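**Q** If you read the protein sequences in the order shown, they are chains A and B.
Heads up: the first sequence is residues 1 to 242, going by our numbering.
Heads up: the second sequence is residues 243 to 780, going by our numbering.
In silico contact screen, one side only, chain A against chain B (beta carbon under 10 Å); selected entries:
no., residue
1, 24
2, 54
3, 85
4, 104
5, 156
6, 205
7, 213
I should point out that these hints are in silico values taken from the structure, not numbers from a laboratory.
Keep in mind it's a predicted model, so treat the numbers as computed, not measured.
For glycine and all other residues, C-beta sits at the position ideal for the given N, C-alpha and C.
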Amino acid sequence: MTKVLVIDDEAQIRRFLRAGFELHGFTVVEAENATEGLRAATMSAVDLIILDLNLPDLEGAEVLERIRSWSNIPIIVLSIDADEHEKVRLLRLGADDYVVKPFGISELLARSDAALRRHLRGTNRDPVVRAGPLSVDLVSRVVTLDGKRVQLTRKEYTLLHGLATHVGLVVTHQQLIREIWGGHAGNIQYLRILVRKLRQKIEVDATQPQLIVSESGVGYRLDQGEAGAAHRRRGISSDTYA
Amino acid sequence: MSTLQERRELRDLTAGLPIRDGNAISARFRAAWLVLLTANAIPIGATFALVWLATVSLVVLNYFVAYNLVSLVYMLPVVVAATQWGIGSGILAAVAGAAAADFFFYPPFYSVWIRDPQNVVDLILFLLVALVTSNLAARLKNEALAVSRREKEIRELHSFSQGLATCLNSRDLLFAVQDYLSNTLRYRAVLIAAGQDDYGIDDAGAVPDEVRGEAAKLAAANASKPSTVVEVRSGRAWLVRAISSEILGYGAIAVQIGDSAGESTDVTAQRVESLLEEATLTLKHLKTKEAIEQATVDYRTEILRDALIGGVSHELRTPLASILGSCSVLNQLPTITGDSQSSELIQAIAEQAGQLDGEIRDLLDATRISADGVRPRLMWTDPTDIVSGALKQKERRLASHWVTVDVIRDVPLVHVDSTLVEQALGQLLENAAKYSPLGSEIKVSSRCEQDCVVLSVRDYGSGLNPDEKSQLGKRSFRGRGQGADGSGLGLWIASTFIAANGGSLHAESQGPNLGTTMSLRLPTMSASTPELVDALND
Numbered sequence: 001m002t003k004v005l006v007i008d009d010e011a012q013i014r015r016f017l018r019a020g021f022e023l024h025g026f027t028v029v030e031a032e033n034a035t036e037g038l039r040a041a042t043m044s045a046v047d048l049i050i051l052d053l054n055l056p057d058l059e060g061a062e063v064l065e066r067i068r069s070w071s072n073i074p075i076i077v078l079s080i081d082a083d084e085h086e087k088v089r090l091l092r093l094g095a096d097d098y099v100v101k102p103f104g105i106s107e108l109l110a111r112s113d114a115a116l117r118r119h120l121r122g123t124n125r126d127p128v129v130r131a132g133p134l135s136v137d138l139v140s141r142v143v144t145l146d147g148k149r150v151q152l153t154r155k156e157y158t159l160l161h162g163l164a165t166h167v168g169l170v171v172t173h174q175q176l177i178r179e180i181w182g183g184h185a186g187n188i189q190y191l192r193i194l195v196r197k198l199r200q201k202i203e204v205d206a207t208q209p210q211l212i213v214s215e216s217g218v219g220y221r222l223d224q225g226e227a228g229a230a231h232r233r234r235g236i237s238s239d240t241y242a
Numbered sequence: 243m244s245t246l247q248e249r250r251e252l253r254d255l256t257a258g259l260p261i262r263d264g265n266a267i268s269a270r271f272r273a274a275w276l277v278l279l280t281a282n283a284i285p286i287g288a289t290f291a292l293v294w295l296a297t298v299s300l301v302v303l304n305y306f307v308a309y310n311l312v313s314l315v316y317m318l319p320v321v322v323a324a325t326q327w328g329i330g331s332g333i334l335a336a337v338a339g340a341a342a343a344d345f346f347f348y349p350p351f352y353s354v355w356i357r358d359p360q361n362v363v364d365l366i367l368f369l370l371v372a373l374v375t376s377n378l379a380a381r382l383k384n385e386a387l388a389v390s391r392r393e394k395e396i397r398e399l400h401s402f403s404q405g406l407a408t409c410l411n412s413r414d415l416l417f418a419v420q421d422y423l424s425n426t427l428r429y430r431a432v433l434i435a436a437g438q439d440d441y442g443i444d445d446a447g448a449v450p451d452e453v454r455g456e457a458a459k460l461a462a463a464n465a466s467k468p469s470t471v472v473e474v475r476s477g478r479a480w481l482v483r484a485i486s487s488e489i490l491g492y493g494a495i496a497v498q499i500g501d502s503a504g505e506s507t508d509v510t511a512q513r514v515e516s517l518l519e520e521a522t523l524t525l526k527h528l529k530t531k532e533a534i535e536q537a538t539v540d541y542r543t544e545i546l547r548d549a550l551i552g553g554v555s556h557e558l559r560t561p562l563a564s565i566l567g568s569c570s571v572l573n574q575l576p577t578i579t580g581d582s583q584s585s586e587l588i589q590a591i592a593e594q595a596g597q598l599d600g601e602i603r604d605l606l607d608a609t610r611i612s613a614d615g616v617r618p619r620l621m622w623t624d625p626t627d628i629v630s631g632a633l634k635q636k637e638r639r640l641a642s643h644w645v646t647v648d649v650i651r652d653v654p655l656v657h658v659d660s661t662l663v664e665q666a667l668g669q670l671l672e673n674a675a676k677y678s679p680l681g682s683e684i685k686v687s688s689r690c691e692q693d694c695v696v697l698s699v700r701d702y703g704s705g706l707n708p709d710e711k712s713q714l715g716k717r718s719f720r721g722r723g724q725g726a727d728g729s730g731l732g733l734w735i736a737s738t739f740i741a742a743n744g745g746s747l748h749a750e751s752q753g754p755n756l757g758t759t760m761s762l763r764l765p766t767m768s769a770s771t772p773e774l775v776d777a778l779n780d
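Throw the hints in and build the complete structure from the sequences for me.
**A** If you want it as structure tokens, here you go:
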């Protein structure tokens, strides 16, 4: 059973997280401050950490850094008023993803699943990433959409690869630019246009992207579960949103 | 003795008479004497009465006392008259006393002749001593008067500075000076303005032009010395002094000090000077105090605001996050999913809590905007992402409307803070949902214009009348229609965010009940540069 450690000083938040996670088959360990959280992280062999940034005894970013110094356990950060700079900083410090309060439990579960899967992929070496109708074989570099092969340029593939290895998780603009252009050659304008081109090849409607979703001011996310479900729910030919 | 007024009348009379011949001169002297006598009738009469009293007392005393007390007793009226009415009355008392002594008490009696030479010496000595004494007594009296006058002035100045202490600003201060001059010192004082109306004009008439001219000259030169102006028409003297231009734009103060520029001018000038000095000091003190108070208020406001932002953020939004999170868990519980009534209730709780959280966020945004303004982090952004981000943000709110999206494929990139623009567009969507009937269409579209991309939200709701259109984007604007609750800050925040991104917000409406189109105009540049094509090639 997957064990999740919730580090948050608000008892009510911990309570609903426990209920939500237990409902979906997780076991939950709670910590109400950073000290307890760090101890639990080392002692109780957890699989996933949900870390609130606003802790009474230590700054959330500091806790994140300390855990990352010895472990690569998936960490999802919770915050109530982090701006884009702060989010990018947290991702750089090693957070797998963030969720902004207030949030629904399904959003957090989706991020947690994605983070856990990415962590596991390192061990079980499944080469195929699926997101809705899209599948990306990371070894053979074959991209298919509803079973049909899609031809991508090298840069387009590198972009998709970067997103696919983090499927369901946010990848920052800078990280993608570095992976595609290397060094300082790229910039955000190139990335925007490249994303647009890739969307035109893999999205049903590039003007209403469902797979490659933008995280304003932070980066992009290859959306999987919800995106696929949304596709099915809305009907592919319709341009109606709701 | 004569008062100032009487002396003035005398001078006017003498000055008014023409000098032509000897008769005229003697007539002039007669007139002068007449005036002098009528003006001093009371002191003269009283002096004579005193001398008469002394004579009667001597007559009585001579029955009982053997000694010759004549010169001693006549000295008394001299001292009394000199101290009471000045040196003139003293001399008059001495002469009258000497005459009475000669007439009544030195043999031969009831005659001006004196038989005994000893008595002549007595009389001469008496006159000498009486003159010296009356001089001393009169001087003593003048000094006492001067002392008491000075004391009065000091008392007045003291009460004036006490009055200054209650002034709260430079305006109060200036009017206190004017009030003091006019009411306590009985001078007519006027503050002469540089541009605005003068202060202190009464019914007696306006400030003469020469005084105004002098004031302007002094104020322009920023002169520190006062100057005296004599009005040609009436001969009245004015003391004009420039005052610090820091004081409310009043350039000078003019004080009407009397009818002539005589010796009293200097004294008055000094008094006005000391007044203004006092006022200037108070002003400096006041300014420092004001600055300190302002700084304290600013500091406290800042602390309060930070506490408010931090506190509200944490203390109000965290419980709401718990409520919303708990609702989302409840909605997944098997016992709830089977019960449509419970689901609906939970849905309602979540909606209301979400709305409350939105309001709190609006308040925080508005507070931050008011405090620091908006500091956008500009970044090249695809308008497509802004549209889908805003739609995702308001997914729940738009659930009961029919949303259509019509975004052109190759819309140019825009250089904006995508988070702010996304929030602004979200607000337009929110308003569209709020002011249009459930199930009606909300159309999101984009189009390119020269140098800008326009994102529009069209609804088929209550529309706007011209008055509402002009109100739009002001703080706390709130439209009509169902569900029109909330702080009304949203649209103001949206337009502020858009303006900070170099864009603008426009509203179009065909009229009430014909729907509204709200448009965001964002600056752009053409995206297809050769460099860009190179960068994207493999």
